[in-house]
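Student: Here is what each chain is made of, one letter per residue.
2 protein chains.
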Amino acid sequence: MPYMEEQAAPMDFTKYFSVETVNRQRSALKVLRPYFEIPGMVSFGTGIPHPSTFPVNAMTISIPFAEKSVFIPGYNSLEPESLLPLAPYTAPSKAEPLIPDLADALSYSATYGAKHLLVWLKESIKRIHAPKYDDWEVCLTAGNTDGTDAVLRTLCNRGDTMLVEEFAYPGLLSPAATQGINCVGVPMDTDGVKADALDELMENWDEATQGRTPKLILMVPTCSNPCGMTMSEQRKRDVYRVAQKWDLLIVEDDPYCFLQIRPNGADSPIIPTFISLDTDGRVIRIDSFSKIVAPGSRLGYISAHKVLAEKLMNSRESATQCPSGFSVAAISAVLRAWGGHEGFEQKYIPYISDIYAKRCLNMISLLERYAPASTIEIPKGSGGMFLWVRLKIESHPDVNKRSADEIEQSVFQTMIEDRVLCVPSVYFKAPSKTVLTREEAARNSYLRISFALPPPEEMEEGAKRMGKSLRKEWQVEA
Amino acid sequence: MPYMEEQAAPMDFTKYFSVETVNRQRSALKVLRPYFEIPGMVSFGTGIPHPSTFPVNAMTISIPFAEKSVFIPGYNSLEPESLLPLAPYTAPSKAEPLIPDLADALSYSATYGAKHLLVWLKESIKRIHAPKYDDWEVCLTAGNTDGTDAVLRTLCNRGDTMLVEEFAYPGLLSPAATQGINCVGVPMDTDGVKADALDELMENWDEATQGRTPKLILMVPTCSNPCGMTMSEQRKRDVYRVAQKWDLLIVEDDPYCFLQIRPNGADSPIIPTFISLDTDGRVIRIDSFSKIVAPGSRLGYISAHKVLAEKLMNSRESATQCPSGFSVAAISAVLRAWGGHEGFEQKYIPYISDIYAKRCLNMISLLERYAPASTIEIPKGSGGMFLWVRLKIESHPDVNKRSADEIEQSVFQTMIEDRVLCVPSVYFKAPSKTVLTREEAARNSYLRISFALPPPEEMEEGAKRMGKSLRKEWQVEA
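In order, the protein sequences belong to chains A and B.
Heads up, the first sequence is in this note's numbering, so the first residue is 607 and it goes up one at a time.
Heads up, the second sequence is in this note's numbering, so the first residue is 607 and it goes up one at a time.
Note that these hints are calculated values from the structure, not bench results.
Quantities reported herein were computed from a predicted structural model and do not represent experimental measurements.
It is possible that some hints are incorrect.
Which copy is meant is left open, so a pair is good if it fits within one copy or across any two.
Stated by the list, open to error - Mimicking DSS-like on lysine-lysine, the simulated pairs with C-alpha atoms at most 25 Å apart in a straight line are:
id: 1; residue 1: Lys674; residue 2: Lys700
id: 2; residue 1: Lys1039; residue 2: Lys721
id: 3; residue 1: Lys1074; residue 2: Lys1039
id: 4; residue 1: Lys821; residue 2: Lys621
id: 5; residue 1: Lys732; residue 2: Lys700
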């Protein structure tokens, strides 16, 4: 029989995969995606800004090779007639910080980002956060996810430990796990991470059983995702002191900073941030335009001690290289059109935060109206996009028969049957060194409600459905 | 004496750095930056597209919160009057692949990227490269640097070996080194990587002395950076067969693909690419809009077997997340305005490649006119942005006194004194297992000349100065 070449076997790609690829954890929230697609579902699931808040609702681009300009539609603006009237143009003076210009923006920029925008952002950080030391620097990122990637790659090795909030953003937990960084949650109360719990955790850290001693803590201190909590100034001071004691770096991931509800609106200053309290240069602050301007801008910025800022940016040289020039030009022009710093701080932030504040307070009053008080504990709400509603598992009929996690899952499933989607707290739970008693666990179960996106009538319908599910679960009369 | 708290010592940040940060290698070319800034320098140093080629020369954005549209200037278009006339707008039909729309683009998109643009790009890959197997997929990246980062992170661990071209792009060598990936250069001739040299390298690979057996080879097969070379179809077939023999993945980094000079211009097909020859799914093709549209778009795309494409995109979920929506909307609108696939392939590519082809041929004729034939060997040129000019070290007066590297450096310095900047080949030399004899080394020394950016009169002046320097160095009469 003549020699015959066998049919080539399909390639086995797995042998080419890196350790990261083999161990990759994707965001836990991805498993919820099929539920979003159920017809008629009211979703309190995602923290996506409403497109009506996007800063640009249409544009035209002038295309030399096509010898014409073309219109690009946007939210509620489907034809060229809906373009807002073109304002007379005055070229920015050299002294003006914001200089939108495509001839520059469409070429390679420095990794730190377009200089004019950096100057503006540095001034903005100074005006709003007023860092207490001199050697800080600002650099651009391609959004907060990119910023977080820069921080993790720059500071952490496989096997390192990073402290995070007890309930943390899956978009942080999953890349950390993929990179082999062990996240450990620090217990929280309604004011965020507890300083004494942090101190105790560090005091009792045992490398032999717990792995490498943590060298940084990452928090979302304002209107946090998932908890919607905002840390008070005092709590920040307390946590900062503990960080000093144990020489921890603090990563302040603060995309919702400007969405906080302030007692007297724009007249109240924002709650002092970690970077504004920092005297040592141990705070890395990550800002983003995603939540207050548009997620699709993929534009953010990091403020940190210049030694750290340089290392963070060096890491981007071989990653994103620099943010999109279309984004830089457009966002610079938007900030200029809004009236620079004054317009941003005095007019735009109050406007955008008010949109979410109203939604937040509306959601709270809907829950108060439709959900039986014996089933959930409704938080005060601090703005942003999320409410963190505690399930009163301790009064659930099955409290002695099933675990808190099982009851939480059952509540979630009942709500899905009733066509309303909230995210159970289990999806946000960071690995923890704390063992809860059965009673403690019953008091530590939550739903994350995102109120950012649904139209008002859907919010009400969603709250009604939640009430119905909760009554079923807790066997409470209507 | 009362206890006095000592003044806090400045923080030592180095203890927080990751292994990557400690070992980070930045692009070797960065050391050349000061030379760029010398007044009067004619630079053949950088491969940056000329801003006159950018696809958008101005735009307007409609800003609801400012209740107006504003103008953003661009190349040669400094006021609203220079905007090209706005074409009548017809909304894309559902069947049309390109659907520029800011309401979508400014929100989060799937990591694979905006679906409409992906459909278009997949069709483009099919039309131009016609992969021979079915299970391939296209995904968007935030540019080629991001695409390369995705490939390295997905496939390589610290200590892995990656094969690269003997002279390789520093923007590849430096992140690989930072990530602890050992690059090994494969010997080249004027047709790129030599298949027999690749086979020999693999045949004789000894893990004990050389480290892990390579599992992938990355090449820039068209108008390569730095060598300006374009691999023939036959060479690609030969290299592909060797890759099959040793089960190597092939990464085809091809940003200059559409800038190749074709014998009959647009009437000649492009030289078949690796992905068009691939039957196994072992080729990962990285495309970019940076060189043919605009670097600042930070938009590229990867085509690969769907198993690999999925892993590559999963890695981006926790990095760039998705490309800029402003870029996606603008580039989609540009592609639409250019007339879709036909316009891109039949009109735009011939137009843009012609610009660089003319520059390439002009640079060659200038070198022929001004540089003594005894000092350099001028390549044929294949388009793109670079010429790779061999220094005839073998006929340099100091050939027996100094090493080839020293003479190359001396030529570079003489040119700097004469105010013309080319990049010596030492900056591109990948680590190698091949030991060259003194004679071989004398014949393996080059200058990279980038002809992409300088205006024609500067090109001529630069060539004159090069001629002057070369005459000095080789002690040749004018």
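Student: Confirm or reject each hint.
Tutor: Cross-check of the supplied hints:
In this homomeric assembly, Lys674 and Lys700 come within 25 Å of each other (Cα to Cα) only across copies, at 24 Å, whereas the closest approach inside a single copy is 30 Å. Within a single copy, Lys1039 and Lys721 get their C-alpha atoms no closer than 44 Å, and across copies no closer than 42 Å, so neither meets the 25 Å cut-off. Taking the shortest Cα distances, Lys1074 and Lys1039 never come within 25 Å of each other, neither inside one copy (36 Å) nor across copies (72 Å). For the homomeric pair Lys821 and Lys621, the shortest alpha-carbon distance between copies (9 Å) is at most 25 Å, but the shortest distance inside one copy (34 Å) is not.
Taking identical chains as interchangeable, the C-alpha atoms of Lys732 and Lys700 lie at most 25 Å apart only when both belong to the same chain, with a minimum of 21 Å there against 48 Å between chains.
The structure is inconsistent with the numbered hints 2, 3, although it conforms to all the rest.
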